[in-house]
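K.L.:
Place chain B on chain A using the hints.
Next come the chains, spelled out residue by residue.
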Amino acid sequence: MMAGSELHWMSLTEIALAIRQREVSVSEVVEASLRRIGAVRPIINAFIDVYADDAREAAEEADRQLRRATPTAPLFGVPLAHKDMFARLGKRATGASKIMADVEPKATATVMRRLDDAGAINVGALNLSEFAAGPTGHNEHFGHCRNAWNPAHISGGSSSGSGAATAAGAIYGAIGSDTGGSIRLPASFNGLAGLKPTWGRVSRFGAMPRAWSLDTVGPLTRTVADCALMMSLVAGHDVQDATTSRLAVPDYIRSLGRSVNGMRIGIPANYFRDGVSDEVDTLFEEACRALQDLGCRVDIIEVPDPGEYDAIANAISKSEAAAIHSRWMRERPEDYGRHGYSRTESGFHIPATVYLDALTVRSAVVRDFVTQVFSRVDVLATPLLNFEVPTIADTDERDPGRIPAMVGRITRNTRPFNYLGLPALTVPCGFTANGLPAGLQLAARPFAESTLFALGGAYERVTPWKDRHPTL
Amino acid sequence: MYITAEFVLAQSQALASPEIDAERAAQLAMEVNTLLQKATPLIERYRDLYADPFAFLSALEELSIAQLPKEEPHDGRQ
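If you read the sequences in order, they're chains A and B. According to my numbering, the stretch in the first sequence is residues 1 to 472, in order. According to my numbering, the stretch in the second sequence is residues 473 to 550, in order.
I should point out that these hints are in silico values taken from the structure, not numbers from a laboratory. Small disclaimer: the values here were computed from a predicted structure and weren't measured. We put the CB at the ideal spot given by N, CA and C, even for glycine. Careful, some of the hints might be misleading.
[As the list claims (entries may be wrong)] In silico SDA-like cross-links for lysine to any residue, where the CA-CA straight-line distance does not exceed 25 Å:
#1 B:K542 x A:Y271
#2 B:K510 x A:R402
#3 A:K106 x A:R327
#4 B:K542 x A:S375
#5 B:K510 x B:S484
[What the hints assert, rightly or not] To list a few chain A residues with every Cβ distance to chain B over 10 Å, as calculated:
#6 E31
#7 D54
#8 N261
#9 H469
Bound conformation, chain A alone (with noise of 0.2 Å):
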C-alpha cells in the first residue's frame, strides 16, 4: 500500500497507471483524496463540496470492475472535482451564486459526461469567482478561495477552486472555464499547466455563461502531460454544441514527445511586457533561455497592439454577461456579491451596434494577427502577469467604479487571446521572492494545441518546478 503523501502528489496520468497496473486500489486513491481534501479544505476554501458517499460507492463498483478485468478507460477510478458551474443530472451547479442554487440541470454537461465515460470519480464541487466574473476568486458567498502556496494571496480567477484544489493535491486535475483568463490565471498562480483552448475546440454544453463569443472551458493539472490526456478527452465536435469545430482532434498525448528543436518562439517586444516587473522579467527571459537550449530560436518580435482589443472584448463580455443577467439583476440585486454585479452592469448600456461591430471585426482582426505573427513564430511567449502574485487583501476592491482597472491589470495578458479565440497554456516558470509561482504564456494559431504541449512539456521537462509542492 502506498502513503498518503505518495499518492496525492502523483500526477493524474501516473495515478491512472498505477490504478490500471493494479499498484493501488481505486477506493485507496479516493480514500487518499478525501482525506487530503479535509485536511486543506479549511486552509484554501477550494471546496463547495464534497460528495463523500458517491465517490465511496463509485470506487467500491470500480474496484469490483478492476477485480474482473483491466479497465481501458484513461481515467479509471482518478478522483477529479470541477468548477461548480457544468451542469450534472441530480446536482446542482451553484456557480458560487446564491442564484444558481435554485436551478435545476436539465442535462448533464458534455465536458462532465466525456470525464464520467472516461471512467473519472467526481469527488466534489470546486469554488469560484461567483458567476465566473471576476480573476482573484473572491467569493462573498461561499468564502474567498485561497491560494495553495500561500493562503493570503489569492488564487486567481475565476476557476479559483480549480487551481487551489488540483495545487494542493487534493485532486489530480480540474475543469475550469476562460473568459479573459479564468484558467491561466488560476493554474499559473497555483504553479500548475492550465489550457485556454481554442474558441471552439471544446464543448460548453451544459456549461454556465459568462459571454458566449469568448467562454472556453479546459484542464488545469500539475502537468502538461496531464494537461494534453484531459484534453484528448473532452476536445472535439458535440452536436450539442453548435459553436464546437468539426476538425479533427489531434493526438495530443504523442504530441508530447514532439521536438522542439527549430520551433521559432517569438516574444513580443510591445504590449506584453510593458510594466513587467524586475522578478518577474527575470524569470520570464530565464524560460526564454530555457526555450533556447532546447533548440527553439527565440526572436523578439513586435506584434499586433493587443491593447486595441480590450475595449472591442468587453463590449462582447459585458454586452452578453448583461444578457445572461439581465432578470436576475432586475429581481434579486440583494443575491450579487460586489464583484459579479459591478462588472455586468456596464454591460446594459452599450449600444447594440457596438456590440455587433465588435464581433463583425473579429474574424479580420484575428486573420491579421494570426498572419502577422504566426507567418514568422510558431509560438508566442509572454509573461503570464507582469507582477508578483498579490494578497486577497490588496485586491479585494471595495469602489465599483475601480473594479474595472483592477481586473484590467491582472488580465492585461491572457484576455488578449479570448478575443483572437487563440490556444493558450501557462506552465510554471519558478517563483517569486514572495514564495509565490509565476507563469510562462505560450499562444499559437488557431487549434495548435498540440504545439504549445509539445512545447510546454519538453519546457516542463528541463525546469525543476512541477516538482514542487505547496507545505499545506
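P.N.:
Positioned in the frame of chain A, the structure of chain B alone reads:
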C-alpha cells in the same frame, strides 16, 4: 458616440435595468465612454459591410490550415 450619466440613469429606469444612483450612473457612463472611445478606431479600421458577425469559428478553422508566408522575425534582437 458618447453617453451621459443622465442617459444611463434614464435608461436604467426606462428599461428596468438594475437600479442605480446618480454617482454610479456617472461611473458607468465614464466606463462605457472609455470603452467606446477605445473600441471605435479598431472597429472603423476593420469595418466591412460583408463581414458576418457570426462566422468566427469558420475564420479560426480557415486560419488553422492556411499556408502562412514564412517570414523572418523582425529586427532579429535576441
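K.L.:
For each hint given before, does the structure comply? Return the numbers of the non-compliant ones in rising order.
P.N.:
Of the numbered hints, all hold.
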